[in-house]
Amino acid sequence: MNVSTEFFRRVEAIFHEALATSELLRPAVLEQMCKGDRLLLEEVRSLLKASEQEEQVTTSCRLEAETHPEDLPGPRRIGPYELDRLVGHGGMGAVYLAHRADGQFEQQVAIKLIDLPLATDLFREQFRRERQILARLSHPNIARMLDGGVTEDGELYLAMEYVDGLPIHRFCTKHSLSIRERIELFRSVCNAVRFAHQHLVVHRDLKADNIIVLEDGTAKLLDFGTAKMLTAANVVLEGEFTRHGFHSFTPQYASPEQVLGHPISTASDIYSLGVLLFLLTTGVLPYELKEFTTDEMIRVICEQQPPKPSEKTSDALDADIDAIVLKALRKEPEERYASVDQLIADLQAYLDGRPVAARQGNFRYHAAKFARRNKLALAGSALLCLSVMAGTAGVTWQAHLANVQRRKAEARAEDLRKLSNSLLSEIDEAIQRLPGSTPAQRLLVSTVLEHLDRAAKDAAGDPQMELDLANAYIRMGNVQGNPYDQNIGDAQGALNSLDKALSITSAVGRQQPANVAAAHTLGWVQQSRSEVLFGMGRTQEAVAMMRSGAATFEELASRPGAKASALMDAAAAYGGLGDELGQNGTASLSDPVGALAAFRKSLELDMRIVQIDPSFSRAARGIAVNHAKIANIESETDPGAALLDYREAIQGMNALPEEMRKALPHQRTLANFLSKTGLALKEVGRYQEALSYLEQGKAMAQPFLTADPNDTRAGNDMLAILENEAECFEDRAQAVFADEPADRSASAASALKSLSEARSLTEHLLQFEPDNLYLRSTLGLLFIRISRQQLALHQTQGTLELATKGVAILKAVGKDQNAHGVDLDAVATGLTMVMPPRLRDPQLAAECAERMVEMSHHQKPGFLLTLARSYRAAGQPEKARAAAKEGLALLPASTAATVPSRIRKQLQAELAL
Amino acid sequence: MEPVPGEITLLLAKWKDGEPSAFEQLMPLVYPHLREVAAAYIRRERNPGELQATALVDEVCLRLINQKKASWSDRAHFYTFAAKLMRMILTDHARGNAAQKRGGGARHVPLNRDIPWIKIGSESMIDLNRALDELNGINAYNVQLVELRYFLGCTAEETAELLQVSKATVDRDLKFIKGWLYRRLHPDAVPEALEHSAKT
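Listed in order, the protein sequences are those of chains A and B.
Here the first sequence is numbered in my numbering, starting from 133 and rising by one per residue.
Here the second sequence is numbered in my numbering, starting from -16 and rising by one per residue.
With the rest of the complex left out, here is chain A (with noise of 0.2 Å):
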């Protein structure tokens, strides 16, 4: 210790022990303290002296700050501005009342200025780009910039208009607005936020006392301070302004994003909004933050459940009110408003008596949480990193659970609805997002649907809830067996759904004939039916179904004020029908007139929607789907005329927006639509680009079995592809249709393996659905196919039991009553062709044949050349000739420019014979 720290630790000790004796004896001590030391004694006197000085000082300045809190430092001029008084500190600097002194006119403004040196290049930068922000904003309900430039000392400023007026939650007290006034005013606001939006501007920073409202009631957004502009340009400031901003946002209103630090969108401003009409209906804020600490916020903003509005305010609250403010505070962006525009829809929908959105939102949001949660318990499988990843980190299950029971006990009916949504996409949401869930989901789907039968006792005679829950049984059966969805393939349980939904439905239509819900469910849940009915062979129930469905969504779409999702409805409905009546290689009814009708029908609804909103995706692909499927029909008579379509088809997939294209079942389709342009390809004899077609569609499809090797759904696509590959190499293998030049033993060889690979996938296929009649008559045929296929390349062992095998199968196949066109057709090729020819029965085949083109209406060639062959085979030659001759005439009239396709030729060559 040197002298002088010792020195001034002695002073120190003195000048407190002199400060706690009274002034009287002060001296006195002070010279006993210091015991002589004339230096010590002079050193602590000066000190108390300075320190009453300094105390002196500082109560003068303080009552100075107390009574002219709002003082200049004289006159100030800012520009052509004179400023008058501080009127408040805002986001970004200092607000003064001001007016024009250059008598031009008479004008107040507010003049926002840094009124501080410490301005940053950041904040300078900042403060400039608000000054751009405003300008382009240009509406009634945002307060509108004047002027703005630099002072003399290089301060920045703006001048905008001055708005006189109270908070808006002040005004709305003051005034005993009604909550339909509060909710209207509040909707002014709403459309200045989204007009901002509209012109990529973020709030960020919406909250009660940054919107002020003129005695007339007009409402005024101000203080775009800390906006952000969503533009590329201002990526890299604004990273670095988020990271280091942590003032620019209030935490009451902050969304969970924010708090955490993440990204922030329009949805942030959405859910500040949500919190702002908490404010506005009940008076208090939805959540106390007793510290403005991080552990606080995040405990409380991004964990903690918001309360209804309904339980914070005396007055009587509608339930939709409630929604509609826990559906903008949800924790999670994306389970939010979508937009301003879906908020304020819903406002509207409120103030109008009709339903708002919210509360099925809620219902799925519900589900969602609780799917979450209740992934968290299936240790091991890929949803568990799903769920980790989603974040729900502080939730614990059992606790929910726990919650789950008492609620259950308590038995009201929206949290009944809540569970049931809850349990519901669980598998919804995990199924429709991964591919090759289905081995965690049949795990649930028994308990989903015990939980669904038991509410269902509680839910009668409660239409909303009775159609909460048809919607929850047509959800699940969709899952348990829609060959359209991802879906579990347990077809009879998906039926067993379907029907109790249908039943449900139908009650509650039959009571309320105009609810417009009851009738949406309806047509889904008949659109639904039709599907499973249609996967299961149902044909025919099933077609009369769709068309049920069709109609009731074609009836919704022509009542007024429909919107255009429900034209969507319609055309997806006529779609299905289409497929049902004549889509190739399904076992359709066969009716290609019909299914093409349909198709351009539903077509036609699609064209009707993009017109009326051109960025309607769904419709957009709905024009794609229709045109393969059009190309589709076309390619049974005339290939040529389908490759149009099909490209038509694949450039409108590849123009969708990129999220849909990454869709899992986009990938789907438009694997599905590669393979077909193969198909026509085939048709027309260009092999080449077939098997590039075919490759390409291969190479989209095989993840979703890699990921899923139970995806029946993704089997049966490959499978599609495989078969018709092998087709191409069987053909060139024949030498007579190949135009191209082919080595007939590497074609034989490359028909071989794409026919056995075809062969297990079959096989693993009919694991599932033993009874398939589709799958078993491929499988025959398969096999006589790989036998013949052996044979050329002189591969005799185990050749004839294949074979003998395969023709087993198809005669079994042969004799089942329920066996469609395709199923048939493919019994009566296969014990056409079968190698050794004493294995045939052209008898049979010929049976089989005349029973499929009887069911096709005598409307499809590939039939009727199947049916020549059997006749041919038979010993009927006249009979031959005369199928082929019929099959012909259903091709287009063939020109000189057309190339000829390979089932004419094929039709020609039985003619000829």
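Keep in mind that the hints are not guaranteed to be accurate.
Pairs of lysine-lysine residues, derived as DSS-like cross-links and limited to a Cα-Cα distance of at most 30 Å, are as follows [claimed, not checked]:
(1) A:K1017 to A:K947
(2) A:K830 to A:K1037
(3) B:K158 to A:K167
(4) A:K181 to B:K(-1)
(5) A:K181 to B:K102
(6) A:K794 to A:K695
(7) B:K158 to A:K181
(8) B:K67 to B:K102
(9) A:K937 to A:K830
(10) B:K158 to B:K(-1)
(11) A:K444 to A:K463
(12) B:K(-3) to B:K102
Examples of chain A residues lying across from chain B (beta carbon under 8 Å, computed) [claimed, not checked]:
(13) F147
(14) H148
(15) S178
(16) S183
(17) S471
Here are some chain B residues the structure puts well away from chain A; computed CB gaps all over 10 Å [stated by the list, open to error]:
(18) K(-1)
(19) P3
(20) P11
(21) N112
Just so you know, these hints were derived from the structure itself, not from any lab.
Computed from a predicted structure; not experimentally measured.
The beta carbon of each residue, even a glycine, is placed where N, CA and C say it ideally should be.
Position chain B relative to chain A; hints supplied.
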């Protein structure tokens, strides 16, 4: 420059243990974050309901230490470091003003309402910094006290907690230091004991 998790904690401990190079290493990691806090602080955004300067520092602290909840010693280390850094930032700012002759007519805002005679951005800040440098050679504890209480904006209670003393001690010590600093900055008003100043 983004620190790796744990790096800051480690450097803070080293700095506390008297390793001077740790300060140099910490500076670039903490400075940009604290600079923004300083800016907010200077812009006087301390209305109730808004984020407090200390809350901002807390935020920075947790972010940099990479924890949801920092241990007391980590926090204390960070705060004392941040306070020192804040002093550097605010002093640099005042120097910048002086160099550019900016803000001549502007009204300056007190560093703290407890010492309204020190104004942010004014020459008094530069003088204060010099006086504190001087004081550091005599009593480093008192300097820390001033940095925490006035530069970082901690309350007396927070300061007491961070320095592990009672609030009464903080108040009492500050009274003395304020007197000492006032005299140092206003030599005309209160002359020091002559021989003492010769001695130091």
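Structure-based check of all given hints:
1. At roughly 28 Å between alpha-carbon atoms, K1017 (chain A) and K947 (chain A) fall within 30 Å of each other, so this suggested pair holds.
2. Between K830 (chain A) and K1037 (chain A), the direct Cα distance comes to roughly 28 Å. Compliance with the 30 Å bound is thereby established for this hinted pair.
3. For the hint linking K158 (chain B) to K167 (chain A), the alpha-carbon distance of about 24 Å falls within 30 Å, and the restraint holds.
4. Our distance criterion of 30 Å between C-alpha atoms is broken by K181 (chain A) and K(-1) (chain B), whose separation comes to about 36 Å.
5. Restraint check for K181 (chain A) and K102 (chain B): satisfied, since their Cα atoms lie roughly 22 Å apart, inside the 30 Å limit.
6. A hinted pair counts as satisfied when its Cα atoms are at most 30 Å apart, and K794 (chain A) with K695 (chain A) qualifies at roughly 27 Å.
7. The straight-line distance between the Cα atoms of K158 (chain B) and K181 (chain A) is roughly 12 Å, inside the 30 Å bound, and the hint therefore holds.
8. Between K67 (chain B) and K102 (chain B) the CA atoms are separated by roughly 18 Å; this keeps the pair inside 30 Å, and the hint holds.
9. Restraint check: the Cα-Cα separation between K937 (chain A) and K830 (chain A) comes to about 29 Å, which is no more than 30 Å; the hinted pair holds.
10. This hinted pair checks out: K158 (chain B) and K(-1) (chain B) have alpha carbons roughly 26 Å apart, not beyond 30 Å.
11. For the proposed pair K444 (chain A) and K463 (chain A), the alpha carbon gap of about 20 Å is at most 30 Å, so the pair holds.
12. Of the pairs offered as hints, the one joining K(-3) (chain B) and K102 (chain B) is violated, with about 33 Å between alpha carbons and a cut-off of 30 Å exceeded.
13. Taking 8 Å as the C-beta contact cut-off toward chain B, the hint placing F147 (chain A) at the interface holds, the least distance being around 5 Å.
14. Hint status for H148 (chain A) relative to chain B: holds, with the closest Cβ pair at about 6 Å, below 8 Å.
15. Taken as an interface hint, S178 (chain A) checks out: its beta carbon lies about 6 Å from the nearest beta carbon of chain B, inside 8 Å.
16. For the restraint placing S183 (chain A) at the interface with chain B, the shortest Cβ-Cβ distance is roughly 3 Å, inside the 8 Å limit, so the hint holds.
17. Taking 8 Å as the C-beta contact cut-off toward chain B, the hint placing S471 (chain A) at the interface is violated, the least distance being around 29 Å.
18. Separation of K(-1) (chain B) from chain A is adequate, the least Cβ-Cβ distance of about 21 Å exceeding the 10 Å criterion.
19. Against the 10 Å criterion, P3 (chain B) stays outside the reach of chain A, whose nearest CB is about 20 Å from its own CB.
20. A cut-off of 10 Å between C-beta atoms confirms that P11 (chain B) is not in contact with chain A; the least separation is 14 Å.
21. No Cβ of chain A approaches the Cβ of N112 (chain B) within 10 Å, the least distance being about 16 Å, so the stated non-interface status holds.
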